[in-house]
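Protein chains: 2
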Amino acid sequence: MTDVSRRSFIGMGASAAALAAFGLAGCAPKQASSESSASAVSGSAADVKWDKEADVVVVGYGGAGAAAAIEAKRAGAEVVVLEEMPKGGGSTAACGGFIMMGGTPLQKKFGIDESVDNFYEYLCAAGGANANKDAIRLVADNSPALYDWCVECGMDFESGQVDTEHHLGGFNKGISLGFSGNEMARDYAAAAEPVPHGHLPQPGSSGQDIFKALSATVESLGIEVLLETPARRLVVDGGRVVGVMAEGPDGECAVRARKGVVLAAGGFTDNDEMVAACWPYPNERATSKISGGNENGSGIAMGLAIGAATRGLGDFQIGAPTVTMAEPLANGVLIDGKGRRIVAEDEYNSFMGKAITLAPTSTCYLLIDASFVQDDAAKKWAGEYVATVASVEEAAAATGIAASVLQRTIEFYNRSVEAGVDDEFGKDPRFLATPLEAPFDIYKRGSAACNFGSCGGLKIDLDARVLDTADAPIPGLYAAGRNSGSIYGWYMGSGSSMADVLTFGRIAGKNAAAESAEA
Amino acid sequence: MTDVSRRSFIGMGASAAALAAFGLAGCAPKQASSESSASAVSGSAADVKWDKEADVVVVGYGGAGAAAAIEAKRAGAEVVVLEEMPKGGGSTAACGGFIMMGGTPLQKKFGIDESVDNFYEYLCAAGGANANKDAIRLVADNSPALYDWCVECGMDFESGQVDTEHHLGGFNKGISLGFSGNEMARDYAAAAEPVPHGHLPQPGSSGQDIFKALSATVESLGIEVLLETPARRLVVDGGRVVGVMAEGPDGECAVRARKGVVLAAGGFTDNDEMVAACWPYPNERATSKISGGNENGSGIAMGLAIGAATRGLGDFQIGAPTVTMAEPLANGVLIDGKGRRIVAEDEYNSFMGKAITLAPTSTCYLLIDASFVQDDAAKKWAGEYVATVASVEEAAAATGIAASVLQRTIEFYNRSVEAGVDDEFGKDPRFLATPLEAPFDIYKRGSAACNFGSCGGLKIDLDARVLDTADAPIPGLYAAGRNSGSIYGWYMGSGSSMADVLTFGRIAGKNAAAESAEA
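Heads up: the protein sequence lines correspond to chains A and B, in order. For what it's worth, my numbering labels the leading residue of the first sequence as 6, then goes sequentially. For what it's worth, my numbering labels the leading residue of the second sequence as 6, then goes sequentially.
Please keep in mind that the hints were generated in silico from the structure rather than gathered at the bench. Note that the Cβ used here is the ideal one computed from N, Cα and C, for glycine as well. Check the hints yourself; a few may be wrong.
Now the in silico label distances, taken between C-beta atoms and shown as ranges [as the list claims (entries may be wrong)]:
| id | chain 1 | residue 1 | chain 2 | residue 2 | range |
| --- | --- | --- | --- | --- | --- |
| 1 | B | Gly-405 | A | Asp-277 | 40 to 46 Å |
| 2 | A | Arg-435 | B | Asp-381 | 51 to 57 Å |
| 3 | A | Asp-153 | B | Gly-405 | 36 to 42 Å |
Isolated chain A, as found in the complex (with noise of 0.2 Å):
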């Protein structure tokens, strides 16, 4: 049996190679074992024989698919949710509990009268250059109405206490309201009032609460959740999506969807070999993981399978938590390899992980005083000790790093300390109080030592529909969160994610409800 028949490759042939990319058009299936050769793709309607249907199928039951099965089902749809893990949650519920708005009552509510303009400036200047500008207006623009909807589905923000001093992370039990993000940053400060854009819902402050709420939501709504039912590939008719097939505890599942199904099974983080083939920076690959566990890229293959483009591959979230884990760290110097001061070090975490990640060295440092390294959390996040060092030289020499650059970076930073003013890059003041003076304690923290989650994904309009490699919209198919490319050009901010994976996922869910349901 050979899997190119002549009809289909004169079908295939105009738009095929040139455009192709990783979604195809068209494609032939390769065998795991190669002893048979059965095809993947023939047969008519009528082979599939359906085991279950519904209006709207939603692949993945983390905070995308909750979303989009509430308002699918809200807009009168029949729903039914695949999972593939044995309980629902996802990076989701993994998450650090942001949710990045602007706003919004609850900033209200604490004398923050942010306008969507504003939060939309935020997020473009901290998306940099590649930013899906339009997109980010969607979000920025349905914020105050997402926060009304996070309230609705049951999730407390009102119990918590504002912060408004802190980079939060790791000490905000308690807060509901707080920076998530690189705001307070002297640049991103010039580009947009800095006000606090990351909102946690209590008690636990933390994504538990987040995807409590929203199960709590698909509960009460009746909506059928298949656990350990992973889909496994979209069944494709007249060149639209009308389900999928899935595999059940009792094996083999065809679900059939009369509208649409909706991909939201996460990114591919824990897909060793996908982010293998992606990860484009030259110095070392970080190697801790941010994700729920299992974001095996299984609903972006699915889509890359059926033609669908893609976004942002090579874009991945990169973390440092030396500040926001424990902020007495952000009185240190971090440099390169090359002695050069690269960062504020009181920036987010992910604008620390960004500058490390693309050092011109693999290795960078933190330079400090050891009185900043006191407490369990700066030891814990201080990274590797070096050495402690009496003098420029003894630094130079535990480093390799010329002790002239050295010696310039030291100065520079305490002429900046004696100013109160950190020319370079904008440290506030509170962190650049105490000049860098031997003896001080030398912490290795190099870009192996960062964490990363993959942000790229199948290519969606702001409709939520995914796209092909012509831009053309695939029928019967949506997605959302990481199962879609960010929609930022550089992850930049806890809450973040969620604020796109709750906005499109919500999207997704009410326009697969109201596409005309297949004969």
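Keeping the supplied structure of chain A fixed, place chain B upon it in accordance with the hints.
Chain B only, in chain A's frame:
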């Protein structure tokens, strides 16, 4: 008609989703227009009426394809080459003409006695943390033999001169051996003895000279080349690649490969969609492309479509021609938008491009005395003129950089000039002779002004066999050139790509010819 049958699903289920990535175990077609649902994969071997057959079918007639065809033919195979364009050459014919080699007779002729180990050490150092050292070992070990092979194909290196002083590029006419990477830069000179590796065939010192010799050899061997015959899809039978569906001038053309198919159809530089999906940097994207003009990713797509894995899709060759094209510019000071110097200004173009692309800001600046921007080349490559400034304060005003940081950068640079040693980046004292003093000129040279080419592609093993996502070779399928992912972790020098293009092209051709013919 539905694209997924129950049977095929069962066949794929176990392995598909979890490890799937770009190359899926099985996929269904998405039609460009949705009015029909022609299945791309159906029928049996009997359905394919072969229009043509050969032992080895080579897809793409650039450097890798030519090398594969030559070796397959010499090994006794009947070979046919399919090329999309009206003539062969691809990006090989368009390249600068360098082949990076070490331990060669030409080096010896010029009094340079390099070991392959030294070459290996240089390649590893320059390729960075994510280099594939096993593949680099193979390339280095095979380098002397590759030189002999190139000569045997008719390349003339003997009539040119050696240049052991300059980074070549733009002024290499008549030179057949010179530096084409960062060998002379401090960090790499510490890793390996700095000797020139760039081998340039005469009389043109260009990629045309390379391809002319290869195509003459192909012709002399009587290898059939079908021009304007793009391959569209691989034909798989029993898990084995058995041929190619192509489109000739007279229509569809099914080409059977009795022994194997070699994919050598280039990278995806000209596929904007795929570049957009993979471009990883937070800074602005480079806009000008390094390619022969038709790197549409089709070969990579064909591999992906049957389950091939990929390597380094986020890896791009990034060049900033400042120095290699106009050496006087190396006397300037290249800084990022925060005012910090980012690289030794005499480094090779890809290292300059890397530094600019990884800088904290999209915009970088060259500060330089007007006396160094006199000739046409210098004027052309300096970048976009911003201003002539009479003081550091004026420079700060013209760039928006803090005057104190600029002052520090210039002071330190001038101290290095005085000492004759660049402690920070190790620039050659030749280019460190002139302090930067006002008045000086400012030119803009940001990430958008760099140029780029794709380095990622299909994953191959040391036998040039294409691997699937479980690292198992796909029977009958080979890849080389930029259809396969670069063996370096970062593009690091002119001719480094040609080294792996020719080495793995040769291996692919030999190994395909050595397969048992299919019945």
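Handout entry: Range hint compliance [Cβ, Gly-405 (chain B) to Asp-277 (chain A), 40 to 46 Å]
Key = 42 Å, holds
Practice task
Can you let me know if the beta-carbon spacing of Arg-435 (chain A) and Asp-381 (chain B) is within 51 to 57 Å?
Solution key: Hint holds: Cβ distance 53 Å, inside 51 to 57 Å.
Problem - Assessment of proposed distance window 36 to 42 Å (beta carbons of Asp-153 (chain A), Gly-405 (chain B)) - result: 40 Å, holds
Every hint, counting from the list given before, is met by this structure.
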